[in-house]
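Colleague: Each chain, written out:
2 protein chains.
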Amino acid sequence: MARIYNFSAGPAILPEAVLQEAQANLVDYKGAGMSLMEMSHRGKEYDAVHTEAIANLKRLMGLDDDFSILFQTGGASMQFALVPMNLLGPGQTADYINAGAWGKKAIKEAKLIGNVNIAADTSKEKPSRMPKDSELKLTPGASYLHLTTNETIEGTQVKETPRVEAPLVADMSSDILSRPRDFAKYGLIYAGAQKNMGPAGVTLVAIRKDLLDRSSETIPAIMRYKTHAAEGSLYNTPPTFPIYIVMLVTRWIDAQGGLAAIAKANAEKAALLYAAIDNSGGFYRGTAAKEDRSDMNVTYRLPSEELEEKFIKEAASHALKGLKGHRSVGGVRASIYNAFPRAGVETLVSFMRDFQAKNG
Amino acid sequence: MARIYNFSAGPAILPEAVLQEAQANLVDYKGAGMSLMEMSHRGKEYDAVHTEAIANLKRLMGLDDDFSILFQTGGASMQFALVPMNLLGPGQTADYINAGAWGKKAIKEAKLIGNVNIAADTSKEKPSRMPKDSELKLTPGASYLHLTTNETIEGTQVKETPRVEAPLVADMSSDILSRPRDFAKYGLIYAGAQKNMGPAGVTLVAIRKDLLDRSSETIPAIMRYKTHAAEGSLYNTPPTFPIYIVMLVTRWIDAQGGLAAIAKANAEKAALLYAAIDNSGGFYRGTAAKEDRSDMNVTYRLPSEELEEKFIKEAASHALKGLKGHRSVGGVRASIYNAFPRAGVETLVSFMRDFQAKNG
Numbered sequence: 024m025a026r027i028y029n030f031s032a033g034p035a036i037l038p039e040a041v042l043q044e045a046q047a048n049l050v051d052y053k054g055a056g057m058s059l060m061e062m063s064h065r066g067k068e069y070d071a072v073h074t075e076a077i078a079n080l081k082r083l084m085g086l087d088d089d090f091s092i093l094f095q096t097g098g099a100s101m102q103f104a105l106v107p108m109n110l111l112g113p114g115q116t117a118d119y120i121n122a123g124a125w126g127k128k129a130i131k132e133a134k135l136i137g138n139v140n141i142a143a144d145t146s147k148e149k150p151s152r153m154p155k156d157s158e159l160k161l162t163p164g165a166s167y168l169h170l171t172t173n174e175t176i177e178g179t180q181v182k183e184t185p186r187v188e189a190p191l192v193a194d195m196s197s198d199i200l201s202r203p204r205d206f207a208k209y210g211l212i213y214a215g216a217q218k219n220m221g222p223a224g225v226t227l228v229a230i231r232k233d234l235l236d237r238s239s240e241t242i243p244a245i246m247r248y249k250t251h252a253a254e255g256s257l258y259n260t261p262p263t264f265p266i267y268i269v270m271l272v273t274r275w276i277d278a279q280g281g282l283a284a285i286a287k288a289n290a291e292k293a294a295l296l297y298a299a300i301d302n303s304g305g306f307y308r309g310t311a312a313k314e315d316r317s318d319m320n321v322t323y324r325l326p327s328e329e330l331e332e333k334f335i336k337e338a339a340s341h342a343l344k345g346l347k348g349h350r351s352v353g354g355v356r357a358s359i360y361n362a363f364p365r366a367g368v369e370t371l372v373s374f375m376r377d378f379q380a381k382n383g
Numbered sequence: 024m025a026r027i028y029n030f031s032a033g034p035a036i037l038p039e040a041v042l043q044e045a046q047a048n049l050v051d052y053k054g055a056g057m058s059l060m061e062m063s064h065r066g067k068e069y070d071a072v073h074t075e076a077i078a079n080l081k082r083l084m085g086l087d088d089d090f091s092i093l094f095q096t097g098g099a100s101m102q103f104a105l106v107p108m109n110l111l112g113p114g115q116t117a118d119y120i121n122a123g124a125w126g127k128k129a130i131k132e133a134k135l136i137g138n139v140n141i142a143a144d145t146s147k148e149k150p151s152r153m154p155k156d157s158e159l160k161l162t163p164g165a166s167y168l169h170l171t172t173n174e175t176i177e178g179t180q181v182k183e184t185p186r187v188e189a190p191l192v193a194d195m196s197s198d199i200l201s202r203p204r205d206f207a208k209y210g211l212i213y214a215g216a217q218k219n220m221g222p223a224g225v226t227l228v229a230i231r232k233d234l235l236d237r238s239s240e241t242i243p244a245i246m247r248y249k250t251h252a253a254e255g256s257l258y259n260t261p262p263t264f265p266i267y268i269v270m271l272v273t274r275w276i277d278a279q280g281g282l283a284a285i286a287k288a289n290a291e292k293a294a295l296l297y298a299a300i301d302n303s304g305g306f307y308r309g310t311a312a313k314e315d316r317s318d319m320n321v322t323y324r325l326p327s328e329e330l331e332e333k334f335i336k337e338a339a340s341h342a343l344k345g346l347k348g349h350r351s352v353g354g355v356r357a358s359i360y361n362a363f364p365r366a367g368v369e370t371l372v373s374f375m376r377d378f379q380a381k382n383g
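Here the protein sequences line up with chains X and F, keeping their order. Going by our numbering, the first sequence opens with residue 24, and the numbers climb by one from there. Going by our numbering, the second sequence opens with residue 24, and the numbers climb by one from there.
Bound conformation, chain X alone (with noise of 0.2 Å):
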């Protein structure tokens, strides 16, 4: 098989071991006589799956028994609801950070469920950016304060973790465990799994326990985030292969050296890619600021949109695929994710060279 790089945004590219496990064992589990997708969640085979998912995710990310770790479905887009439905209690406001359609998208559900503050909006800013934390303007008590730590479409990311009083809730979703962070500063963090952790369908919910308690019991109980924790995501009939997906990505991290590795590695990928757009005598440009370069979505903009549109059409023919900008913004978006090899990142940096050098 000829596998090419996947520059999707998301889904996105997985580890190749982890597929060809999942693939060894699809029809058969280890020798169970079916398949995990067959097995009820509550049997010992995939309780081994899900417990060893939830403590690796849990030792990623340096979290203690302070916080719980729960599957739910419905991507961050469910999460847009479901935080304010459980944290946002009435008469009281939630902050929100707009820098980028993840977090405009937050706040619109919000607003239909609360009082929503925009501390920051940076949204409409070019070279997109992050707030600082010196720009934020807080609301005394506020409920918390939201935030996007990686905006895929703007090519931005937060490095650090804002200094605040409220507790911070974040959109995880394309930079989860791409780096070690300061997880436990964080009262909910939330990731669809579909970029950096597994495939579409299950997302991860990590929430400190002592915010359980604002769920009120007139929200319905599947929506309920201390629904969930009460019986560790087996209140309804998780998704069980996706969460094995997981499971399996999370060794994989652990194969790799862990967070830190992981980083390293992203990091040095970004780099590269950064490099050639900056010594590229301005043929190509990056479209965030430098100090909020993404190291997972790396977004720039060719001297036209013909150019643009040639460069992602040679690239396809080159076994680069994925690579066109959000249909919102244009450009190109190239995703470089955990599972994103080093070569596809080489491979780009030629491909650019060669194209700028016949069409520059």
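No lab work stands behind these hints: they were computed from the structure. Remember, it's a predicted structure, so these values are computed and weren't measured experimentally. One should not assume that every hint holds.
Here are the simulated lysine-lysine pairs, DSS-like style, with alpha carbons at most 27 Å apart [said to hold, decoys possible]:
no.: 1; chain 1: X; residue 1: K134; chain 2: F; residue 2: K53
no.: 2; chain 1: F; residue 1: K313; chain 2: X; residue 2: K131
no.: 3; chain 1: X; residue 1: K131; chain 2: X; residue 2: K249
no.: 4; chain 1: X; residue 1: K67; chain 2: F; residue 2: K333
no.: 5; chain 1: X; residue 1: K232; chain 2: F; residue 2: K131
no.: 6; chain 1: F; residue 1: K149; chain 2: F; residue 2: K313
no.: 7; chain 1: F; residue 1: K313; chain 2: X; residue 2: K249
no.: 8; chain 1: F; residue 1: K182; chain 2: X; residue 2: K336
no.: 9; chain 1: X; residue 1: K249; chain 2: X; residue 2: K287
no.: 10; chain 1: X; residue 1: K249; chain 2: F; residue 2: K134
no.: 11; chain 1: F; residue 1: K155; chain 2: F; residue 2: K208
no.: 12; chain 1: F; residue 1: K67; chain 2: X; residue 2: K336
no.: 13; chain 1: X; residue 1: K127; chain 2: F; residue 2: K131
no.: 14; chain 1: X; residue 1: K134; chain 2: F; residue 2: K381
no.: 15; chain 1: X; residue 1: K333; chain 2: F; residue 2: K208
no.: 16; chain 1: F; residue 1: K249; chain 2: X; residue 2: K128
no.: 17; chain 1: F; residue 1: K182; chain 2: F; residue 2: K232
no.: 18; chain 1: X; residue 1: K182; chain 2: X; residue 2: K149
no.: 19; chain 1: X; residue 1: K67; chain 2: F; residue 2: K336
no.: 20; chain 1: F; residue 1: K336; chain 2: X; residue 2: K53
no.: 21; chain 1: F; residue 1: K208; chain 2: F; residue 2: K81
no.: 22; chain 1: F; residue 1: K249; chain 2: X; residue 2: K131
no.: 23; chain 1: X; residue 1: K249; chain 2: F; residue 2: K131
no.: 24; chain 1: F; residue 1: K287; chain 2: F; residue 2: K336
no.: 25; chain 1: X; residue 1: K53; chain 2: F; residue 2: K53
With chain X's structure known, arrange chain F on it following the hints.
Modeller: Quick look at chain F alone, frame taken from chain X:
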């Protein structure tokens, strides 16, 4: 590989041919150089899967363009909340049938959201049974009548669609696609995939389009059926791999001859097993009223709990797995969904005869 007979109530057995095709394509999806799990949900390969799954489901269920097929997550448990959130307006009343554990859960969640009238309650009766139309105490002008077409724990199944004025809303999680039904007479049908249709992680919703306008714009966008119908279930990232398996299962149903052929095979399997119970001279006792016996979940008792425990243990050593009744009711439960082979039922019947000869 020695494939065992998997009587699990859900997640449950899948057609072996489906598992084998998924396995063959898991790492390299049809020569694309990547897994389907790694592909954008807006790319052409996944689009073909998504579109075919919807088309096949509509055809199998005989639904025309008056209906939208949605792929959601969270299983029936999430629908217990979303149905009244979307369809039950303030000041209105919804009628619910309580004929078992699943109906009861739907009612509990709906009561948090709006006015609920229990149109019939047979949930405590023994033998278990479904109420007749003539027993229903309906609310004039009710928003809808909710029923559970198959109660997995009680082993009962609705054979004829109730004739009522209000739109019918049905949880068909455990018998969807197991027999022809007049699906077009329902206003909304929902079903977690993990019993008859695919793996855990995707939920089918078929909704009559005129009901979409009931969704209030005050509920979160992600929770409105209207949002998902407008975007063809691509408003957020759908659970792509589980939907792929559902698509393969619909092809497998077609290959069996469609729902009529599936229903015939299911009825024959169930008849074999119920005959073994009825002809055991009382050693095995069915727990459901004969006219309401489920073709999907065959529930029965033995003379003592000790014998039940022994039966389940010895059956497992004959590769007959997952026969333990739900923890809330005990006894034996043989779940024989679409994909469960007739040979497995014959093996169970033979084992039952031997077990009775030794222990009767």
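Colleague: Holds or violated: K182(F) with K336(X), Cα cutoff 27 Å?
Modeller: Given that 27 Å is the threshold and the Cα spacing comes to 55 Å, the pair is violated.
Colleague: Holds or violated: K131(X) with K249(X), Cα cutoff 27 Å?
Modeller: It holds: about 24 Å lies between the C-alpha atoms, which stays within 27 Å.
Colleague: Taking only the CA atoms, is the gap from K232(X) to K131(F) under or equal to 27 Å?
Modeller: 26 Å, holds
Colleague: Verify the proposed pairing of K155(F) with K208(F), using a straight-line Cα cut of 27 Å.
Modeller: Roughly 18 Å between the alpha carbons, so the hint for K155(F) and K208(F) holds.
Colleague: Are the Cα atoms of K67(F) and K336(X) separated by 27 Å or less?
Modeller: 15 Å, holds
Colleague: Mind checking the alpha carbons of K53(X) and K53(F) for me, to see if they're no more than 27 Å apart?
Modeller: 25 Å, holds
Colleague: Under the criterion that the straight-line Cα-Cα distance not exceed 27 Å, is the pair K336(F), K53(X) satisfied?
Modeller: Measuring from Cα to Cα gives roughly 21 Å; hence the hint holds.
Colleague: Do the alpha carbons of K249(F) and K128(X) lie within 27 Å of each other, as the hint requires?
Modeller: 17 Å, holds
Colleague: Verify the proposed pairing of K134(X) with K53(F), using a straight-line Cα cut of 27 Å.
Modeller: Violated, because 44 Å separates the two Cα atoms, which is more than 27 Å.
Colleague: Between the alpha carbons of K287(F) and K336(F), is the straight-line distance 27 Å or under?
Modeller: Not satisfied, since the Cα-Cα distance of roughly 31 Å exceeds 27 Å.
Colleague: Quick one, are K134(X) and K381(F) close enough, alpha carbons at most 27 Å?
Modeller: 67 Å, violated
Colleague: Under the criterion that the straight-line Cα-Cα distance not exceed 27 Å, is the pair K249(F), K131(X) satisfied?
Modeller: Satisfied, since the Cα-Cα distance of roughly 17 Å is no more than 27 Å.
The earlier numbered hints that this structure contradicts are 1, 2, 7, 8, 9, 13, 14, 15, 24.
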